[in-house]
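> Those sequence lines, one after another, are chains H and W.
The working numbering applies: residue 6 is where the first sequence begins, and numbers increase by one.
The working numbering applies: residue 2 is where the second sequence begins, and numbers increase by one.
The set of hints was computed from the structure by calculation and includes no laboratory data.
Any given hint could be a false lead.
[Unchecked claim] Reference excerpt, derived from the structure (chain H facing chain W, CB under 7 angstroms, subset only): (1) G167; (2) A238; (3) Y248; (4) L294; (5) R297; (6) D328.
[Said to hold, decoys possible] Just a sample of chain H residues kept apart from chain W, beta carbon distances all over 10 angstroms, derived: (7) Y137; (8) L241; (9) T261; (10) V275; (11) P284; (12) V320.
All C-beta atoms in this analysis are idealised placements derived from N, C-alpha and C, irrespective of residue type, glycine included.
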Amino acid sequence: MSIAKFLTKRLLQGIFVLWGVVTILFGLRAVSPGDPATLMLGEGASRELIQQVREAEGLNDPVYIQYADYVQGLLVGDLGYSWRSERDVALMVIERIPATLELALAATVVAMVIAIPLGVISATRRDTPADYSATLFSLLGISTPNFWLGLMLILVLGVWAGLFPTGRRPVGLGPAVLTLAETGSISELTTWIHYIALPAVTLGTYFTALITRLTRSGMIDELGKPYVTATEAKGLPELLVRYKHVLRNTMIPIVTVLGLQLGTLMGGAVITETVFNWPGLGQRLIDALDARDWPLMQGIIVFIAVAFVAINIAVDAVYSYVDPEVALE
Amino acid sequence: MVDPILDIEGLTTRFFTGEGQINAVSDVDLTINPGETVGVVGESGSGKSVTALSIMDLVEDPGKITAGTVRYRNPEFAASIAERHPDAVDGDYVDLLAVPKHVRRSLRGTSFSMIFQDPESSFNPSITVGEQIAEAVEVQRRATTRPRSVSARSTRPEYRFSDFLLSTVFPSRGYVSESSKQEAISLLEQVGIPDPEERVGQYPHEFSGGMLQRAMVAQALAGEPDVLIADEPTTALDVTIQAQVLELLNDLQAEFGMSILLITHDLGVVARMCERVGVMYAGKIVERGTVSDIFDTPAHPYTEGLIGSIPDIDTPGGNRLQPIAGNVPSLLDSEMGTRCAFADRCPKAMQRCLDEPSELDASGSQSHTAQCYLVSDGYAEEEALPAGYFESSGGDS
């Protein structure tokens, strides 16, 4: 199947999934208790005012008309207005994407850089102290709760050792890079790195541990296959056997997990963002839930769903590169 | 008489597993002359493959070569390592079991190469066949541009992690050079694969089994080895394809003059390909000789049994197949005991076979030897074990 045909097919499937998400979200909102107009205006609002808002927001219309209005709005990118702040939801989502994306990618980079070499060492030196340490590390990493790790890192490295700043970051990656381009000063960029380090490690630890284990077990599986012996028999340097041949085949399950994880992280790491006061989508989602701000909540979740679907299509496309036997299907 | 290219003596390989020590290969002697095809024949589990892997130094944990010498004749190689490893060198010969791992590694591909049983699992499924063959070419190319004398002396790896990282960023800095890729095409052509230009870019799953085995032969030839070890090269193939692959090996041997060590359970393949044969049973070579020695005057009852179990399609109505009764014995040290490992399946087992197996003994000609009292002392009917002896004594292990 050609790549274009593959993408078209997956896009259509993706649209179907998104439609499902939107419909379920709308349904939940329709059956959830509480009158939106009252929520918006507060308990003390007059009956006339509430009635006026209900009319203006279309809340008096039959549900199917509300649904049609909502879907129609989504199709043109209109996510509605926040009940709380009365700002455009699309804008409120977009402005939080960079921070979330930066954190997600930083955590992924931390994980890959540590986990893959660790997994390879662990697998190729099985039952040595190096392997035991790596296995212990990944066990700890998988079982450490995020919020605890984050708080400990803040306490130990931030407060006690004073190595990393605590509190909300003063600058994002975009502005920092702009400053670098304009003035040649890297101070903002180093500030950014200082602020993202602890959240990235916190968010990446579980992921690191997971990928370490996957790499280790995958490598061990692969190393036992006949082609490894055959490749060694032709005199190829051991390093190439391990990395070019074995690791490459081990990457197949890793790419899957990577994609799923990245998709999840795009929804914002709710706990990590809360602990570090990180201005990402996760934090905004929590705020929206607190305030029962349905349009904002819906907007964020729709965005998460879109990101998830898109990343998974990308992962499937990468598959066919990593594993030629997986034809694009 | 020519000096052998490979002279193996007393090769012993054991596996140290949780259940105990497994004597996979015990005291195997084998010589291979230049340009000759030597067969090693036996049932599965008789230690044939481990013998091959021991020669290649590819025995995997928990296996270890515990004794023996593997002497390889190569004057240039001997001279290049004489200074650093004088103990391993004897004239033109080098004892491969006495040199360090990295030196043995440097011989893979260029001095010894190997063809495996199942081509489909012996190629990496996610790298193109052409690239994998080109790798073998590249190994040879780098070995010739970087003389052995240098590689034997330095322990520094010729390919480092930084090289690998570079190659992931810049594909042009990869291990395999463009000329090696071109060479891979002509190798594919040489082994009779049509459309080699197109085939090099294909993945193993796009090849048929027979084509893939040809590609494996091409890969094994890339390093222009002195000795080609073929481990059951035709077992996984259809009968018609088997004949083609054997034919191909014959042709290529005539062209390049390498020696072939052919490991198989198929006596038909042996008869077709080999000059000399060793029959292996329970990790030992129990009989050796020329092909006509083995087929015309088999001395060991196991060899007789093997030949008896070849279907005879020439005699109409035919004789019934005569399988060898019983199973391959356990190679677990604790269960092996000291008796002849074939005694419990042997139709002519005698009392003395239980005490100690016979040594290899001359039988007829100088080159034909068998490890059996029947050859050295003859059959003594009064010593014969009563029928059902092993069933009643629980196998005497």
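> So, for every hint listed, does it hold in this structure?
The hints, checked one at a time:
For G167 of chain H, the shortest C-beta to C-beta distance to chain W is roughly 35 angstroms, which exceeds 7 angstroms, and the interface hint is violated. The restraint placing A238 of chain H at the interface with chain W holds, with a minimum CB-CB distance near 4 angstroms, inside the 7 angstroms limit. A least Cβ separation of about 5 angstroms between Y248 of chain H and chain W falls short of the 7 angstroms threshold, and the interface hint therefore holds. For L294 of chain H, the interface hint is violated, since its Cβ never comes within 7 angstroms of a Cβ in chain W; the closest pair sits about 43 angstroms apart.
Violation of the interface hint for R297 of chain H is found here, the shortest Cβ-Cβ separation to chain W being roughly 49 angstroms, above the 7 angstroms cut-off. Interface hint at D328 of chain H: satisfied, since its Cβ lies 6 angstroms from the closest Cβ of chain W, which is below the 7 angstroms cut-off. Distance to chain W confirms Y137 of chain H as a non-interface residue, since its nearest Cβ pair spans about 17 angstroms, more than 10 angstroms. Chain W draws L241 of chain H into its interface by the beta-carbon criterion, the shortest separation being 5 angstroms against a cut-off of 10 angstroms.
Chain W leaves T261 of chain H outside its interface by the beta-carbon criterion, the shortest separation being 15 angstroms against a cut-off of 10 angstroms. No Cβ of chain W approaches the Cβ of V275 of chain H within 10 angstroms, the least distance being about 35 angstroms, so the stated non-interface status holds. With a minimum CB-CB distance of about 33 angstroms to chain W, P284 of chain H clears the 10 angstroms threshold, and the non-interface call stands. No Cβ of chain W approaches the Cβ of V320 of chain H within 10 angstroms, the least distance being about 16 angstroms, so the stated non-interface status holds.
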